[in-house]
Amino acid sequence: MAKTVDQYFDDLRETRVWRSIFRSGSGSSTLHRSLAIQQNVFLHLFSTKVRTRMLSFSATWYLGTLTLGTFLILVATGIPLMLYYHPSVPQAYADTKDLQFVVSSGIFLRNLHRWSAHAMVFLVFAHMFKVFYRGAYRPPREFNWVIGIVLLLITLLLSYTGYLLPWDQLAYWAITVGSNIASAVPFMGSKIHFLLLGGNAVNANALLRFYVLHCMILPLTAIFFVAIHFWRIRKDGGLYSHSSEPATRRTESAAKEVR
Amino acid sequence: MADPKDFAAGIDSNAKKAPRRIVFVTRRTSAQVKAETEDQVQTFPEVLFRAAVAVEALAAILVWIALIFNAPLEGLADPSHTPNPAKAPWYFLGLQEMLHYFPPVVAGVMVPGLVVMALIVIPYFNINIEAEGFFLKDRQRRLRIFYIVAAALSIFLAWFHVIVALVPTLIMAGLMLIASRSSPKSPSAFRRYLAARPLSYWVMTWFLFELVVLTAVGTLFRGPGWSWVWPWQGS
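Listed in order, the protein sequences are those of chains A and B. Reading the first sequence from the start, the letters are residues 1 to 259 in this note's numbering. Reading the second sequence from the start, the letters are residues 1001 to 1235 in this note's numbering.
No wet-lab data here; the hints were simulated from the structure. Beta carbons: idealized from backbone N, C-alpha and C, even for Gly. Some hints here could point you the wrong way.
Stated by the list, open to error - One side only, chain B facing chain A, incomplete, derived with CB under 7 Å:
id	residue
1	Glu1038
2	Thr1043
3	Phe1044
4	Ala1052
5	Ala1054
6	Leu1062
7	Leu1073
8	Pro1083
9	Pro1089
10	Val1109
11	Gly1113
12	Leu1114
Unchecked claim - Now the in silico label distances, taken between C-beta atoms and shown as ranges:
id	chain 1	residue 1	chain 2	residue 2	range
13	A	Phe122	B	Leu1114	15 to 25 Å
14	A	Ile21	B	Ile1127	43 to 53 Å
15	B	Tyr1193	A	Ile21	51 to 61 Å
16	B	Asp1078	A	Tyr133	36 to 46 Å
17	A	Asn200	B	Gly1225	18 to 28 Å
18	B	Thr1082	A	His44	44 to 54 Å
19	B	Tyr1193	A	Val17	51 to 61 Å
20	A	Phe101	B	Ala1086	18 to 28 Å
21	B	Phe1221	A	Ala227	34 to 44 Å
22	B	Pro1079	A	Ile21	46 to 56 Å
23	B	Ile1068	A	Phe57	50 to 60 Å
24	A	Lys235	B	Ala1151	21 to 31 Å
25	A	Asn200	B	Leu1136	15 to 25 Å
26	A	Tyr133	B	Pro1072	53 to 63 Å
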């Protein structure tokens, strides 16, 4: 009898090589499916089970997932963009022009990176407000909320540092306007301004600093906090579901009395 | 733990010989296992599959946008030629709008600093944890505080002619006024809804309202010299 595709996959999963890579073994039992999460270095951040109710679109609008999605797109488009880009003046602008007109699909990469970045900023804000209105910041999830705020700030900084990199008029003056705000900090404003830009005005040093921040420091920091953010969801008892929490149970019973 | 009868303790006298765990079992709060009666599904494959579909749908939309709309690219950066208006990225235009009215130390440092601080401390204050309608408890005192804060904020914003921030503030204050005069047993669903809103809801909604209005005004309605222009007027 001819084998089905599924059976070929099953055979593949039984091979020595596969078993050496994926420690959880094969099978579609609940145990194996739990192990697939638990025994995986990336997936073990998540819990093995999720409340069915939390899968519905209305529960989360998938905003956190989508934010991660934009981040992944930004990494996937950002790395090829780095191959065509020199963080120097005025070469940065010429490289951006080349991406636009010379490099194959360069304009598509840049467009996707740009629009995904805007989408990520929007989604992070949307995620924050959705979490707030669901009341999901309540104990024991306080600290994960704080990590979320940190991630919001990192996202804004990521977007802001990336804004300078094309080195066009739009980039230059947006960063000039923004960085001038740093000068307004009492006592050490000019020092912070100088530290941020590597000079007293937006110049080649600023471009290099923003490039390093944008491509190395901030993404790594973001990944670090995202890992904690996901892990804390599991540690804090999974996605916040309305009725399992005492604070909202009270209002719900109150609402029932009204009816 | 003040009442010694509240718990039973067991301990061995010689810890070196027989290390033991000490267990305190308080009578009122025994070790509690939350009964999880809800339906659950396996993360693999159910949740991961849905997440993948969601991300792929998003990617499809973004790819589509990227194919149609080009990212802006202006001329080479020129420090000697300032565009008018020079605008920050859109998510900072709310702040830039505030900079139009207040000195940088207020609009650029204090306001965002306070916003970030306020966001961080939300879950650490019980008033934000409680989910009861703001005016349902301790009504007289809370009404007084509300009147004072709303009036002070409105006068402050009017004094500096910050009309774009004043209008959302007045609308939110109006809604809170309706809420304070609504009963959770009102026949109107809208008033029942308002009456049940806690303080954290009001503050956050006011913040969201201001954020959206200020960002929209900064993005769409500001032209040369930060003057008011309509989006359909060419700059």
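Results of checking the hints against the structure:
The beta carbon of Glu1038 (chain B) is positioned within 7 Å of a beta carbon in chain A (closest approach about 5 Å), and the interface hint is therefore held. Taking 7 Å as the C-beta contact cut-off toward chain A, the hint placing Thr1043 (chain B) at the interface holds, the least distance being around 5 Å. Checking Phe1044 (chain B) against chain A by beta carbon gives a least distance of about 4 Å; that is within 7 Å, so the hint holds. At its closest, the beta carbon of Ala1052 (chain B) sits 9 Å from a beta carbon of chain A; the interface hint therefore is violated under the 7 Å criterion.
Interface hint at Ala1054 (chain B): satisfied, since its Cβ lies 4 Å from the closest Cβ of chain A, which is below the 7 Å cut-off. The beta carbon of Leu1062 (chain B) is positioned within 7 Å of a beta carbon in chain A (closest approach about 5 Å), and the interface hint is therefore held. The interface hint given for Leu1073 (chain B) is met, as the beta carbon of that residue sits about 5 Å from the closest beta carbon of chain A, less than 7 Å. Contact between Pro1083 (chain B) and chain A, as hinted, is supported at the beta carbon level, the nearest pair being about 6 Å apart and thus within 7 Å.
Annotation: Pro1089 (chain B) was flagged as interfacial toward chain A, and the flag holds, the nearest CB pair being 5 Å apart, inside 7 Å. Hint on Val1109 (chain B) holds. Least Cβ distance to chain A is approximately 5 Å, under the 7 Å limit. Taking 7 Å as the C-beta contact cut-off toward chain A, the hint placing Gly1113 (chain B) at the interface is violated, the least distance being around 9 Å. Residue-level restraint check for Leu1114 (chain B) is violated (minimum Cβ-Cβ distance to chain A is 13 Å; threshold 7 Å).
One distance hint, 15 to 25 Å for the beta-carbon pair Phe122 (chain A) and Leu1114 (chain B), holds here, with the actual separation near 23 Å. For the hinted restraint 43 to 53 Å between Ile21 (chain A) and Ile1127 (chain B), the CB-CB distance of approximately 52 Å keeps it satisfied. For the hinted restraint 51 to 61 Å between Tyr1193 (chain B) and Ile21 (chain A), the CB-CB distance of approximately 53 Å keeps it satisfied. For Asp1078 (chain B) paired with Tyr133 (chain A), a C-beta distance near 45 Å keeps the hint of 36 to 46 Å intact.
For Asn200 (chain A) and Gly1225 (chain B), the hinted distance range of 18 to 28 Å is satisfied, since their beta carbons lie about 25 Å from each other. Distance hint check: the CB atoms of Thr1082 (chain B) and His44 (chain A) are about 52 Å apart, consistent with the given range 44 to 54 Å. The given range of 51 to 61 Å is respected by Tyr1193 (chain B) and Val17 (chain A), whose C-beta atoms sit roughly 59 Å from each other. Phe101 (chain A) and Ala1086 (chain B) have their C-beta atoms about 26 Å apart, which keeps the hinted 18 to 28 Å range intact.
Phe1221 (chain B) and Ala227 (chain A) have their C-beta atoms about 41 Å apart, which keeps the hinted 34 to 44 Å range intact. Separation of Pro1079 (chain B) from Ile21 (chain A) is about 54 Å and conforms to the stated range, judged on CB atoms against 46 to 56 Å. Checked against the hint of 50 to 60 Å, the C-beta distance between Ile1068 (chain B) and Phe57 (chain A) comes to roughly 26 Å, which is inconsistent with it. A beta carbon spacing of about 44 Å between Lys235 (chain A) and Ala1151 (chain B) contradicts the range 21 to 31 Å that was offered as a hint.
Taking the beta carbon of each, Asn200 (chain A) and Leu1136 (chain B) are about 56 Å apart, not inside 15 to 25 Å as hinted. Checking the proposed 53 to 63 Å range against Tyr133 (chain A) and Pro1072 (chain B) shows it is violated: the Cβ atoms sit about 33 Å from each other.
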